[in-house]
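Chain by chain, the residues run as shown.
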Amino acid sequence: MEGHSSIIISVFSTSSGSGKTITAINLAAGLAEEGYQTCLVDLDLQFGDVMGYLDMVSDFTIADAQQAILKDEENFKIDDYLTSYKCGDTSFSVLPPPREINDAYLISVEAVEKIIRSMKGFNFVVLDLTSVFSTLNLAMLDLSTVINYVGVMDFLPAVKNYKVGYDTLLRFDYEESKICLVENKADSERYIKSRDVERLLGTRIYHNLPSDAQAINYSIRMGKPLMYCVPLSPLTQSYWQLVSRYTNRTKKSRFAAQQENVKKGPKKILSWLLGEDDWLTADNTK
Amino acid sequence: MTKVSYRVILVERDPDLLSRMAGMLKADDAFDLASTYHDAEAAYGQSSVFRPTLFLIDVDEPRAVELIPRYIKSYPQAQVLGLMSQWNSTTADAMLAAGACGCILKPFNSADVKEALRLYKRRGKFLPTRTLALFSPKGHSGRTTLATVLAIELAKKSGESVGIIDADLQFGDVAMFFDAVPRHNVVEASHDISLLTPAALENYFHPVGNGVWIMGGPLQPEHAELVEANRLIEVVRMAGSLFRYVILDLPAGFNPISLALAECADTDILISMLSSGQEVRHMKRSLKMFHMWDSYGKRVYTIFSGVQQCTEDHKRKLEGELGRSVTMMLPEERRIKEVTGSGRLMKDLPEGSPYVEAVSEFAFALIGERR
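As they're listed, the protein sequences go chains A and B. First residue of the first sequence: 1, per the working numbering; consecutive thereafter. First residue of the second sequence: 287, per the working numbering; consecutive thereafter.
No wet-lab data here; the hints were simulated from the structure. Ideal Cβ placement from N, Cα and C applies to all residues, glycine included. A portion of the hints provided could be inaccurate.
[Unchecked claim] A short list of chain B residues far from chain A (calculated; beta carbon distances all over 12 Å):
#	residue
1	His324
2	Ile358
3	Ala364
4	Gln372
5	Lys411
6	Val460
7	Ser561
8	Gly563
9	Arg571
10	Lys574
11	Met575
12	Lys584
13	Lys633
14	Ser646
[Claimed, not checked] Chain A stretches covered by chain B per the calculated footprint, using a threshold of three residues with CB under 8 Å from any CB of chain B:
#	region
15	148–157
16	235–247
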């Protein structure tokens, strides 16, 4: 990380479907909303979902960036290959995965390292990885300031994989303080409790994200991060808390304002709980 | 005194080897050595007078392999075992395809022959192996659930043996679904494969009952790196001598292992779980890679899991989006998740549930197909 000023947060897991992409998108959006220059990189090169979840299209992908950086590293400007996601006054950059699977094969780990290192202008770089210890993922974990290690503990084999993954990260000499254990769908009625997982892992869970499948489905359907379409969802609030953990900023003012909104607008909350189509959107909350 | 079980014709080019192996058979009362030959053609023409029940034929000579279908046709009462000086998967596959019961290494002792015949009998019908690779573009697709339930249903419906190889080398869950702790795993099998025979490879599989065996994944994800695709393919091909159906639970996405095994299988089953709405797009992208094999006669099936409404209308809608037929839709079922997650899949499989019924029908259709 020598000479690199951006904070790199990699979102990693050992079981697919644990909410990596949703977490990466909402981290990036939250950081951008906080005023940080943020770039989200979709490193699921074969089947990345970031563009789909944000309803975006782009002319350039990481494949084009690789071609350019390998051709002329000195004059390479990462901004030429980024697509901007805008919502209201906030925006963050996205580096999409290649369009074709064949192109994904041609992406080299060295080139991706160079591309990420070229993102010095950003305060935060969020990496959405795949659920495997691949050469690329390990190189990205090496580059990362923190590893946001997501897991869903509703299925025993997934807990096993979470434990195996955590032990592997430690065995690979990643510092314990760098690994932030984030439990997704951490609802209290699960038969595998958080404290059991903590006992199994021998460490504390860094952050718990509650379950809200309805909010996630809506967010994907709308092509917007949670905070712009379901700001009052407990999951959105939890993502805000996670963002503030990474920015070391307290969110008291924001929460106070939102609590005020809650008091003022019970109808809207109720309609959201009842699943009516009267969602709070970026437009009507600003 | 042991009852004579087999009237044997032994064919071997090398006179020394022939005499050594003949001696082995003569010393065992279970075998009655009817005659020996140096040449497979001569043995084929002259053996009828001995009414043999077992042919042991040197198949290092390609011509002998070509003769096997004629042996099978002319001697329907006899079993045919090939003799190889070194294991050769291509020859072993050709022998199984011709209707022989497989191959053993030479020189053998009589126990090797008995063990091979026991394994081939347990394997099932003397028909070519069906190798089914389960591929999913992304994880969390219900791939392992389908692999394991399909194995149980195939074994039940066919009465033949089924082997599952957990090729999801970093985070495979097959053993956990059966609450099994296999002694050996796929990394060890791949490492040792050049020294193994089917009888030795059997020890790398763990029986989970009802005609199903599993080969578990490694204990640590980094061990996956030790597996070379070509060696794993050898494991898969040799497993075909032990099991009539070999099911490969592949890692998610395209990587050297998933591509190599999907190519080596005769049937590829693509599965994706409907959740975020991106799955049809992923399936379409994946199918591009399978398209070439599809047109070369390999069977490619597409399955969607986690389907909330398994109706014909929904299926047609999916087919419209996908641009090709959808083989099966699997409903989301809490009971399946419960039994897989707690390792009670074999004991408490919810028979008659929509999920199991759908897989059962699929298994039945697979059994009816010829490779």
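Going down the list of hints, with the structure as the test:
With a minimum CB-CB distance of about 52 Å to chain A, B:His324 clears the 12 Å threshold, and the non-interface call stands. The beta carbon of B:Ile358 is kept farther than 12 Å from every beta carbon of chain A, the shortest such distance being approximately 43 Å. At roughly 47 Å from the closest C-beta of chain A, the C-beta of B:Ala364 stays outside 12 Å, upholding its exclusion from the interface. Every CB of chain A is more than 12 Å from the CB of B:Gln372 (nearest about 35 Å), matching its label as outside the interface.
The claim that B:Lys411 is not at the interface with chain A holds, since no C-beta of that chain comes within 12 Å of its own (minimum 33 Å). A beta-carbon of chain A comes within 12 Å of the beta-carbon of B:Val460; the shortest separation is about 9 Å. With a least CB separation of 7 Å from chain A, B:Ser561 falls inside the 12 Å interface cut-off, contrary to its annotation. Not every CB of chain A lies more than 12 Å from the CB of B:Gly563, the least distance being 6 Å, so the non-interface label is violated.
With a minimum CB-CB distance of about 6 Å to chain A, B:Arg571 fails to clear the 12 Å threshold, and the non-interface call is violated. For B:Lys574, the condition that its CB be more than 12 Å from all CB atoms of chain A is violated, with the nearest at approximately 7 Å. Its closest Cβ contact with chain A, about 6 Å, brings B:Met575 to no more than 12 Å, contrary to its assignment away from the interface. The claim that B:Lys584 is not at the interface with chain A holds, since no C-beta of that chain comes within 12 Å of its own (minimum 19 Å).
A cut-off of 12 Å between C-beta atoms confirms that B:Lys633 is not in contact with chain A; the least separation is 15 Å. Residue-level check passed: B:Ser646 sits 23 Å from the nearest beta carbon of chain A, beyond 12 Å. Taking a C-beta to C-beta cut-off of 8 Å, the region 148–157 of chain A contributes 3 residues in contact with chain B, enough for the three needed, and the coverage statement holds. Residues of the region 235–247 of chain A with a Cβ under 8 Å from some Cβ of chain B number 0, which does not satisfy the need for three, so the listed coverage is violated.
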